[in-house]
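J.: Mind assembling these two chains? They're in different frames, but the hints should get you there.
Going down the list, the sequences are from chains X and S.
For what it's worth, the numbering used here labels the leading residue of the first sequence as 23, then goes sequentially.
For what it's worth, the numbering used here labels the leading residue of the second sequence as 9, then goes sequentially.
Simulated from the structure, these hints should not be mistaken for lab results.
Honestly, I wouldn't trust all of these hints.
[To be verified] Away from chain X, derived, C-beta distances all over 12 Å, residues of chain S:
1) P69
2) R72
3) R77
[To be verified] Listed below are the simulated DSSO-like cross-link pairs for lysine-lysine, each with C-alpha atoms no more than 30 Å apart in a straight line:
4) S:K25 x X:K60
5) X:K92 x X:K25
6) S:K23 x S:K86
7) X:K129 x S:K19
8) X:K60 x X:K129
9) X:K60 x X:K92
10) X:K92 x X:K129
11) X:K60 x X:K25
12) S:K23 x X:K129
13) X:K25 x S:K86
14) X:K38 x S:K19
15) S:K19 x S:K86
16) X:K129 x X:K38
17) S:K86 x S:K25
18) X:K38 x X:K60
19) X:K129 x X:K25
20) S:K86 x X:K129
[Stated by the list, open to error] Only some residues are given here: those of chain X computed to face chain S with a beta carbon under 10 Å:
21) G65
22) Y86
23) A115
24) K129
25) G130
This one's a predicted model, so the numbers in the text were calculated from it and none came from an experiment.
Quick reminder that beta carbons are idealized off the backbone N, C-alpha and C, glycines included.
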Amino acid sequence: AQKVTQAQTEISVVEKEDVTLDCVYETRDTTYYLFWYKQPPSGELVFLIRRNSFDEQNEISGRYSWNFQKSTSSFNFTITASQVVDSAVYFCALSEQPGYSTLTFGKGTMLLVSP
Amino acid sequence: GAGVSQTPSNKVTEKGKYVELRCDPISGHTALYWYRQSLGQGPEFLIYFQGTGAADDSGLPNDRFFAVRPEGSVSTLKIQRTERGDSAVYLCASSLDPTGELFFGEGSRLTVL
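For reference, chain S alone in the conformation it holds in the complex (with noise of 0.2 Å):
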């Protein structure tokens, strides 16, 4: 599709798991931003990707998150030792540059039992 897309739109988890998420962007965009979006809140930015490099990871919350994109274009974001309050839905968004429109993909729900 022509769009930022984003799997698995569901993931269900256990505390202490590992989970990846994945994020497609929209072909062409240099840049790759990741957001977490917790019930009934705005989106809180995590990590910001200019090309392969991450430009910006001052939202990630801790050490446990880790985010890649090694070609510059697909991206994963990984949690190591999933907690209850990592439930959220991550969601990916994608500009052409650094100055451009954001385009959002419809999200990873991740849900930590």
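Just chain X, with the same shape it has in the complex (with noise of 0.2 Å):
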């Protein structure tokens, strides 16, 4: 069965520092994706990034990085010199198939950001 754990429930900083997201994961399958989605108080999710279990390279995008370590099956998230419109809950989610489709979800982490 597979499983994730946001082990931070919720996390508050002041505008401009810097956060990372922890997310672990458990799957038995070899190949799967991680994904990031953000929640903003409207409800919708906001698809970030999707990482397939093959690659291991880092990533960044803007102020946003994501750290992939499969020895610790962690997928950790960074946002460099926050601000108030990162506010919001982020979720990390696993998939064991190529498509979206049935992802399983951590309990997600509330960030808040005070100016």
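T.: Structure follows, in structure tokens:
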């Protein structure tokens, strides 16, 4: 069975601080896909990134970066120079299918960025 | 609009009643998904449609839950004999094809009193 653990329930930072959101996953498959989604107060989930299990290269997109480490089954997400607009709940998710259909989500980490 | 549309945005009902939640996917998206998100939890998969047929309904919790997509576009999630434990936000998502990125709606918040 697959499982995603986001141990941090809530994180509070001040604007311009860097913040890392942790994600640890469990799966028996050798091929799997990892995701991060952002859920602002409006409720819709916004896709941020998908990474397959064969690609351990870290990725950077603007102020966002992701660190995938198969050895520790972790897929952590860092926001550099956080902004108030980054305040949201962030979900890490796992799929054992190439598609996005049956995602297993973690419980989410609420990030509060204050001015 | 161009996004996934869900109605109603809020629904309050009494225990034992029947409820329908509607999802209008992005035009041209063949795949449609329903997820349920309870308070303080991540979304949980319910059912996935490819076209008109349910390709995977393994997430439906019991036979009180049923979903249809008769013309391969709009989908309706139907809940019979609602229970207080059914209270949650029901999220719909669509994708161009089964391997494509999911686009989520804002959800329908169901409260069962």
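J.: Evaluate each hint against the coordinates.
T.: Each hint tested on the structure:
1. Against the 12 Å criterion, P69 of chain S stays outside the reach of chain X, whose nearest CB is about 15 Å from its own CB.
2. Annotated as non-interface, R72 of chain S keeps its C-beta farther than 12 Å from every C-beta of chain X; the closest such distance is 21 Å.
3. Non-interface call for R77 of chain S relative to chain X: holds, since the shortest CB-CB distance, roughly 14 Å, exceeds 12 Å.
4. For the proposed pair K25 of chain S and K60 of chain X, the alpha carbon gap of about 33 Å is over 30 Å, so the pair is violated.
5. Distance check on the hinted pair: K92 of chain X and K25 of chain X sit about 15 Å apart at the alpha-carbon level, within 30 Å; holds.
6. Annotation: proposed proximity of K23 of chain S to K86 of chain S holds, straight-line Cα distance about 15 Å (limit 30 Å).
7. Proposed proximity of K129 of chain X and K19 of chain S is supported: the alpha carbons are some 24 Å apart, at most 30 Å.
8. Distance hint between K60 of chain X and K129 of chain X is fulfilled; the C-alpha atoms sit about 12 Å from each other, no more than 30 Å.
9. A threshold of 30 Å between alpha carbons decides the hint, and for K60 of chain X with K92 of chain X the separation of about 23 Å falls inside it, so the pair holds.
10. With a C-alpha separation of about 21 Å, the suggested pairing of K92 of chain X with K129 of chain X holds against the 30 Å cut-off.
11. In summary, the hint linking K60 of chain X to K25 of chain X is supported, as the alpha carbons are separated by about 19 Å, within the 30 Å threshold.
12. Between K23 of chain S and K129 of chain X the CA atoms are separated by roughly 27 Å; this keeps the pair inside 30 Å, and the hint holds.
13. Proposed proximity of K25 of chain X and K86 of chain S is supported: the alpha carbons are some 28 Å apart, at most 30 Å.
14. For the given pair, K38 of chain X sits about 39 Å from K19 of chain S by alpha-carbon distance, which is inconsistent with the 30 Å threshold.
15. A hinted pair counts as satisfied when its Cα atoms are at most 30 Å apart, and K19 of chain S with K86 of chain S qualifies at roughly 13 Å.
16. For the given pair, K129 of chain X sits about 26 Å from K38 of chain X by alpha-carbon distance, which is consistent with the 30 Å threshold.
17. At most 30 Å may separate the alpha-carbon atoms for a hinted pair to count; K86 of chain S and K25 of chain S meet this at roughly 11 Å.
18. With a C-alpha separation of about 19 Å, the suggested pairing of K38 of chain X with K60 of chain X holds against the 30 Å cut-off.
19. For the hint pairing K129 of chain X with K25 of chain X, the CA-to-CA distance comes to about 10 Å; that is within 30 Å, so the pair holds.
20. The suggested pairing of K86 of chain S with K129 of chain X holds, with an alpha-carbon distance near 26 Å, which does not exceed 30 Å.
21. The beta carbon of G65 of chain X comes within 4 Å of a beta carbon in chain S, closer than 10 Å, and the hint placing it at the interface holds.
22. Given hint, Y86 of chain X at the interface with chain S, is violated; its Cβ is 16 Å from that chain's nearest Cβ, farther than 10 Å.
23. Evaluation of the A115 of chain X hint against chain S yields a held restraint, the C-beta minimum of about 7 Å falling below 10 Å.
24. Taking 10 Å as the C-beta cut-off, the interface hint given for K129 of chain X holds, the closest approach to chain S being about 5 Å.
25. The closest approach between the C-beta of G130 of chain X and any C-beta of chain S is roughly 5 Å, which is under the 10 Å cut-off, so the hint is satisfied.
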